[in-house]
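Just so you know, the sequences run in chain order A and B.
Basically this note's numbering = 1-based index in the first sequence + 1.
Basically this note's numbering = 1-based index in the second sequence + 1.
There may be inaccurate statements among the hints.
Heads up, the list lumps identical chains together, so a pair's fine if it works in one copy or across two of them.
Derived EDC-like pairs (lysine to aspartate or glutamate); straight-line CA-CA distance at most 16 Å [to be verified]:
#1 K426 to D21
#2 K323 to D257
#3 K362 to E10
#4 K362 to E117
#5 K362 to E298
#6 K238 to D326
#7 K426 to E402
#8 K37 to D334
#9 K232 to D98
#10 K37 to D129
#11 K362 to D401
#12 K238 to E211
Hint data in this document are derived by calculation from the structure and do not stem from the laboratory.
There are 2 protein chains.
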Amino acid sequence: MNSAQRFAEALPDLAWLDSDEIGLRQTSYWDASSLKGQALARPASTEQVSDLMRMASSSGQTIVTHGGRTTCVDGVQARSDDIILSLERMNRILEIDPVEGIAVVEAGVVLQTLQEAVADEGMFLPLDLGARGTCTIGGNVATNAGGVNVLRYGMMRNLVLGLEAVLPTGEVISSMNRMLKNNSGYDLKQLFIGTEGTLGVVTKVVVRLEPSIASRDVAMVALGSFDAVLKLQSDAKRVLAADMLSFEVMWGAYYDAVTGDGGHRAPLARGAPFYVLIEAVTDDSSDNSNSLVSFLESCFEAGTLSDGAVAASERERAEFWKVRDDFERILADPPVYLYDVSLPLRSMDAYIRDLEDAFGKDFPQGVLHVFGHLCDGNLHLFLTPRSASESTHEIRRLADESVYQTLARHHGAVSAEHGIGREKKDWLHISRSSEEIALMRKLKRTLDPANILNRGLVFDV
Amino acid sequence: MNSAQRFAEALPDLAWLDSDEIGLRQTSYWDASSLKGQALARPASTEQVSDLMRMASSSGQTIVTHGGRTTCVDGVQARSDDIILSLERMNRILEIDPVEGIAVVEAGVVLQTLQEAVADEGMFLPLDLGARGTCTIGGNVATNAGGVNVLRYGMMRNLVLGLEAVLPTGEVISSMNRMLKNNSGYDLKQLFIGTEGTLGVVTKVVVRLEPSIASRDVAMVALGSFDAVLKLQSDAKRVLAADMLSFEVMWGAYYDAVTGDGGHRAPLARGAPFYVLIEAVTDDSSDNSNSLVSFLESCFEAGTLSDGAVAASERERAEFWKVRDDFERILADPPVYLYDVSLPLRSMDAYIRDLEDAFGKDFPQGVLHVFGHLCDGNLHLFLTPRSASESTHEIRRLADESVYQTLARHHGAVSAEHGIGREKKDWLHISRSSEEIALMRKLKRTLDPANILNRGLVFDV
């Protein structure tokens, strides 16, 4: 009897899939290969997760956790002898309480499902990102998801009031705090937020809700230099303050690539060095004096802006966002590599220039497309090498080297929001000291002494 | 040669004080007794802290860390054989960068000193609390300080971008991240935020700054029921949204005690069941349509408010805040015990009623004074037992029992912002499960195997 059979026999209620059924699944949103795994367990309760982890821990069986599998960093790949633990049956919304401003959910609930249920109660779930239709709250917690509302509301870490997690050894840690403030002992939930499922399996979450936003204004502006972008963000932060929801920068090459013939309608003339999409809460005062519109007017008057447009309708608002969100055209010439770095604001421009140089040396035909959540310090890079001379493996190595070695010189971080997964673990040392990595290993060994849970994610023990 | 002599000889640069000199210091702001300790070290660098911890760890010498000693929970008491590690010489502001919105400081800098230096650069440090003139940033980090701006900016955890800490075993963990987003590996700084100095000594901090707020409106309103208070906070959160800076509730007995003859001028007639102080960013549009003023006008029109006043000058603003901040008159009849609990909003009113009952049974002459940061779920309670019949120890035990046993029934937390220290560790189990406390112990044993650093704070190992 193999390991999977022993588990299925001991824990018959876990709605097991065998390796053939597993193979029908795609590995992840970004990896179309057929999923591997010895068996896939679909527990319906925290107790069942605990039973599975206890048995796995005592027998040394490796476990890989699955939420919505939208990882950008190879966070869900399993080997053929792994057992996969999917939270897909633990997808109930247990409670939405507008008075307390909280939702209590099982970890497998899909982000968009929760967003919509919360909106039905007249409230707003601040987390939003492109993968909303597939990613799960548990995955959002495990990866400390970012997205488009970080500027005003913070990352997932800031939205999680409480959680329940199962340790690799099977103990259930229930920290289902519902209050904004609680300094009663160590804040243990931090062990499970952003640790990519390596220290425990998140099973339930208490999420903080906010009052819904009646309406938003969206503008697109063009700028001639990065200094002008920096000046605009600094003015916008001061004038619009917490009313600003998004400040998304696009380098000219990105904007030009996604607009024009066969692409999105260009809200502004193409060819400028930088474009910025700003979204802010609509000011409903009669004179609009605090609005995005009046802020941009003052910029035009001061001469700091020369080209811009405010979306006049919901349709136009969606069109503006599509330029930023829908980058399908950039993926047309594979391989294309996506990066997610963070940097001091002041270093961004020089970093991109230096990266263009370094990348251009290895790939003379290559193209670099850049956009990002500027105020968060977060840039996303698409590198298209357009090289026929090297192996894919070698192309990838060279691309990684140019991105991360240049980044190290500018004191950036190798992941702003996507995490490390398996993809970036060779580069973790760029952003973290050997003492830090040693402490991460020590935590992992303490909580997962048999090293069975999401083994090899983030770092090797 | 005793232990202190060995340390002083091995580490001569630590500006040692001996036990006599230590005795000249008061234990803490709340504890006027003479400070105990074998010796007090005042390192001037992280390396010196590391040297001290390494030597202490290998010799089993216990260390107690001191910041500004404003602890409300007996967090700084030392025994006569402890060595005290004071960060008072590590008080430099290393950098204030308005463009990146960060300040980089040594842990011993006093909060108000940093607030003022940041203001000089045209920026705003969001952390503010009563102890500002004495408490240190390192202590604010170690205790995850709250204060009066949590509603808009979050607690200290949300303001710390990076930090450096020395482990009990002497290793320096430098996680001096400067970016808003960084998911590059485990977020190790969380180990040192809110763990009350039990897992490491915080030596440097990168703090997030915000644009300064031009001006604020402050109002005081009186309400007839707690339901009316809840309705007001829900409306204010929706209408004023992120412009709201504070929403401080005072129970009638508190307001009446601090105002009137010999007390503060009462901005509104005394005798109402509840008073709320609201502070919001001033709307500088010409019609004030989004301001606190217009919000309150709409409440009067809707009949949800009947008595209120908006501060007409800076002097009046300060007067309003004094009613909430300066509770000297409540301390007039010692002993007076201060508590700091958090609760679901819906449970607050019932909790206070139940507590009045429980407390009244033990102390028929006793008085309960309550105020708090309502939207944060945080209430501060002053219990004045006025009992001559029992010993102080017994009075304290009965008071604690009525507060915490009643709290347990309402699913509250024994500390919202003050922490556990030594004072509340017998009550930690009210808010945290045995599995959670076991995991806290496991973390402590992993990082401090010799149990030398702030031994006996939060829990006993």
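How the hints compare with the structure:
no.: 1; hint: K426 to D21; in the structure: neither (30 Å within a copy, 53 Å between copies)
no.: 2; hint: K323 to D257; in the structure: within (13 Å within a copy, 57 Å between copies)
no.: 3; hint: K362 to E10; in the structure: neither (58 Å within a copy, 58 Å between copies)
no.: 4; hint: K362 to E117; in the structure: neither (48 Å within a copy, 49 Å between copies)
no.: 5; hint: K362 to E298; in the structure: neither (43 Å within a copy, 65 Å between copies)
no.: 6; hint: K238 to D326; in the structure: neither (23 Å within a copy, 30 Å between copies)
no.: 7; hint: K426 to E402; in the structure: within (13 Å within a copy, 51 Å between copies)
no.: 8; hint: K37 to D334; in the structure: neither (28 Å within a copy, 71 Å between copies)
no.: 9; hint: K232 to D98; in the structure: between (41 Å within a copy, 15 Å between copies)
no.: 10; hint: K37 to D129; in the structure: neither (30 Å within a copy, 53 Å between copies)
no.: 11; hint: K362 to D401; in the structure: within (14 Å within a copy, 70 Å between copies)
no.: 12; hint: K238 to E211; in the structure: between (21 Å within a copy, 9 Å between copies)
In this structure, the hints that do not hold are numbers 1, 3, 4, 5, 6, 8, 10, in rising order.
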